[in-house]
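Each chain is listed here by its residues.
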Amino acid sequence: MEVHFGWVKSHRQELWFELPERRQLVNITPDVAEAVTASGVREGLCLVNAMHITASVFINDDENGLHADFEQWLEKLAPEKPHGAYQHNRTGEDNADAHLKRTIMGREVVVAITAGRLDLGPWEQIFYGEFDGRRRKRVLVKIIGE
Amino acid sequence: MEVHFGWVKSHRQELWFELPERRQLVNITPDVAEAVTASGVREGLCLVNAMHITASVFINDDENGLHADFEQWLEKLAPEKPHGAYQHNRTGEDNADAHLKRTIMGREVVVAITAGRLDLGPWEQIFYGEFDGRRRKRVLVKIIGE
Amino acid sequence: MEVHFGWVKSHRQELWFELPERRQLVNITPDVAEAVTASGVREGLCLVNAMHITASVFINDDENGLHADFEQWLEKLAPEKPHGAYQHNRTGEDNADAHLKRTIMGREVVVAITAGRLDLGPWEQIFYGEFDGRRRKRVLVKIIGE
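If you're matching them up, the sequences are chains H, D and X in order. Taken in order, the first sequence gives residues 1 to 146; the numbers are from my numbering. Taken in order, the second sequence gives residues 1 to 146; the numbers are from my numbering. Taken in order, the third sequence gives residues 1 to 146; the numbers are from my numbering.
Warning: the hint list may mix true and false statements.
Note that the list lumps identical chains together, so a pair holds whenever it fits in one copy or between two copies.
[What the hints assert, rightly or not] Here are the simulated SDA-like pairs of lysine to any residue, each with C-alpha atoms no more than 25 Å apart in a straight line:
#, residue 1, residue 2
1, K81, D94
2, K81, L118
3, K76, A115
4, K81, D62
5, K137, A38
None of these hints come from the bench; they were simulated from the model.
Throw the hints in and build the complete structure from the sequences for me.
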């Protein structure tokens with residue numbers, strides 16, 4: 001247990017993606033860690049959020065088998081097809097399932113910053129979860145602390 | 001990439017609801033934006049959370065078809081009826097499904113504040129998700145930054 | 001609506017668990033409240049997150065019937081068995097379901113701190129959700145504010 005004092009400092013950065021697959025997971029932990037270093041914040045909070053509503057930022061294990069399980073599981077809970085099963089797709093979209101998949105996976109994570117670094121557990125890795133790819137999309141990293 | 005310094009400032013506000021339907025989605029983006037303006041915070045974080053455990057605050061698209069899809073999907077994953085299917089409802093409640101629906105949709109969002117405004121992506125809108133309405137309930141907006 | 005100013009202060013604490021059951025929910029609200037008191041923060045944000053990817057921190061009702069409903073519901077959405085149904089389990093693990101269950105329940109909560117206390121709604125209680133227990137695991141509490 002430690003208590004720290006100081007001036008408040010903030011930092012903002014965007015990460016851009018244009019992924020070749022409709023659905024794809026990308027480990028962005030190194031990018032977020034770099035943003036933390038760039039911020040100069042020693043103690044604080046780091047918000048990482050998808051800026052698009054068919055994508056997710058979440059924390060889990062960087063293990064290929066698990067990622068395949070996620071794909072199969074999300075397709076069971078919120079199947080992409082038939083596209084016509086979703087009212088949203090009557091607007092001309094085909095991505096209603098991506099809105100639902102991202103809801104399960106979550107929009108954002110908030111990670112503690114301690115002693116100038118991401119304060120993650122041993123297996124925690126930060127992922128960008130794309131559920132409607134093949135277009136330019138971005139993630140916001142916002143850091144506040146001292 | 002920018003770094004800002006200053007004094008820490010905080011702000012608290014409640015939004016109240018008494019919705020006529022059991023389940024209903026309300027776009028609260030303008031209310032949260034007002035709270036940010038009132039706070040005077042230029043750079044920081046804005047927490048928006050349901051203060052009740054059968055309601056949600058989430059970010060998604062303001063599109064009616066999608067909202068109908070959410071209703072149908074949540075009823076599939078966590079059906080309201082039969083009420084007797086849930087042990088929680090033996091306490092005299094009939095809202096066990098609302099606890100589960102809110103779990104999927106999420107309790108809270110944390111949104112960045114940049115240059116005095118909510119730092120949202122192009123389609124991001126903040127919603128209050130009511131899953132057990134017809135009573136007074138509230139949302140907390142807590143802002144911290146400089 | 002109130003606005004506060006001051007120096008930024010931060011505080012970090014870990015909560016440790018070694019639960020006898022594979023799946024178990026623990027009310028950690030008193031522990032988090034103690035951390036807030038220890039921090040001396042009057043106005044701010046309190047992040048509480050599982051540091052393990054097969055566990056959750058979430059907010060809901062402290063009601064036994066509801067907790068039984070959660071267990072049954074999560075087993076329906078992401079069943080533990082057969083273990084061989086998940087590719088992740090080919091690595092020698094048997095906990096793929098725990099990764100999925102925690103995804104539904106969420107990794108973290110962010111709670112407002114107001115006037116030196118957790119700013120929770122009337123029924124909001126903070127839980128540690130264990131989905132792969134019988135081993136030492138921990139939760140991070142990170143507080144920032146003034």
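Evaluated hints:
no., hint, in the structure
1, K81 - D94, "within (9 Å within a copy, 30 Å between copies)"
2, K81 - L118, "neither (38 Å within a copy, 34 Å between copies)"
3, K76 - A115, "neither (42 Å within a copy, 42 Å between copies)"
4, K81 - D62, "between (27 Å within a copy, 22 Å between copies)"
5, K137 - A38, "within (22 Å within a copy, 31 Å between copies)"
Hint check: violations occur at hints 2, 3; the rest are consistent with the structure.
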